[in-house]
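*Asks:* Okay, so the sequence shown: first residue is -18 according to this note's numbering, each after it adds one.
No lab work stands behind these hints: they were computed from the structure.
Quick caveat, the model's predicted, so the values are computed rather than measured.
You may find that some hints are simply not true.
Said to hold, decoys possible - The following label-pair restraints were derived from C-beta to C-beta distances:
1) Trp40 x Val179: 41 to 47 angstroms
2) Met175 x Arg58: 40 to 46 angstroms
3) Ala164 x Leu124: 23 to 29 angstroms
4) Glu202 x Leu48: 48 to 54 angstroms
5) Val179 x Asp208: 26 to 32 angstroms
6) Arg238 x Trp40: 50 to 56 angstroms
7) Leu262 x Ala284: 17 to 23 angstroms
Note that the Cβ used here is the ideal one computed from N, Cα and C, for glycine as well.
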Amino acid sequence: MTTIISKAGYAAAAWSAAYAAAGAAWALGAPGFPWGASDPDPDGALSILAGLTPDPGGWWVAAFGLLGAITALALVRGGPAVQRVAVFAAWPLALLLTVVIPDSRLMMGVAYTPLMTVAGLFNGPWGQIGLGDAWPWPVLNQLLCMLGGVLLAGAALTAQRARREACGSCGRADEDTGWTTPASAARWGRVAVMVAVVTPLVYCATRWAWPLGIPLGVSREFLEQGDREAPGIWLAGAYLATFGALGGVLTLGLVQRWGEIFPRWIPGLRGRRVPPLLAVLPATLVAIIIAVAGLTYVRRALAGLFDLAEWGAWLPECFWPLWGAALGAAALAYHLRRRGRCPRCLRGEDRPLAASAS
């Protein structure tokens, strides 16, 4: 257990220290400060840190990084009382890094990356757009912040497990009970999957309607203006909606047999078990990114930046935090169903695969 805590804690401390050094460098004039004037954030309306400047903003970043490093080291080397305080501090810091500081451009980058890799093969405006447009440094920095948050959360989680004498690998202090049993996880996991599949459908409906000239949730003038200012923008929205709908189909795999055994139509893998992490890790990452994007829209809506008459352009996105939470819960339920016997502590039982049709 001590080894696990050390690895997680030292990784979080190293990230925090490196970011603290970057903040100090930015404050002293080094290029690359990822917020403020150097951030291509339209009107400063996406990032909560849009108003930061390198000085004093860089010093605030350095102080935040230093606090994260101290917290992470306290999780590793502190006594019981110090660790309790460190855990209490680590979770808010992790939440800030993972969910609050990033914005909706992170999701756009992930979703548009497959399109950007082939955009240069086409004529027209899309042929002029590449991966650099989807992933400018300020957005890549958001990925770095998310990584730091995940490392800090992992360190806090392992420290919590140690305090209650639970297994550092699976987190169990005894056999599965209550909501963590496979049977219980199967029940609430199905509800979570249903919510995760249904929630984005209103967004998908609007974005599929607009390229067809159907002003669902917006005025016809809104559509015409978008066509004039950015030809092809509604096709891009339809692509994003399709991307989300396909994600909903994949979400069904968290409760279907084909999410546990590769289907017959996959050459080389058919009939083999799906490694649980192959489903859990992408689903968790996407859940965080979706929730972040939704919170960006919620924040802008609360600030009165949207036109109520054009509700189709922003209201469906305000439900994305629910989508992200449901997807995260579905991934957790899948993990609880499939984790089986822990090879480290030998708690749990080997689980049979789902019997539903593929």
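*Asks:* Checking against the hints above, which ones are violated?
*Replies:* 3, 7
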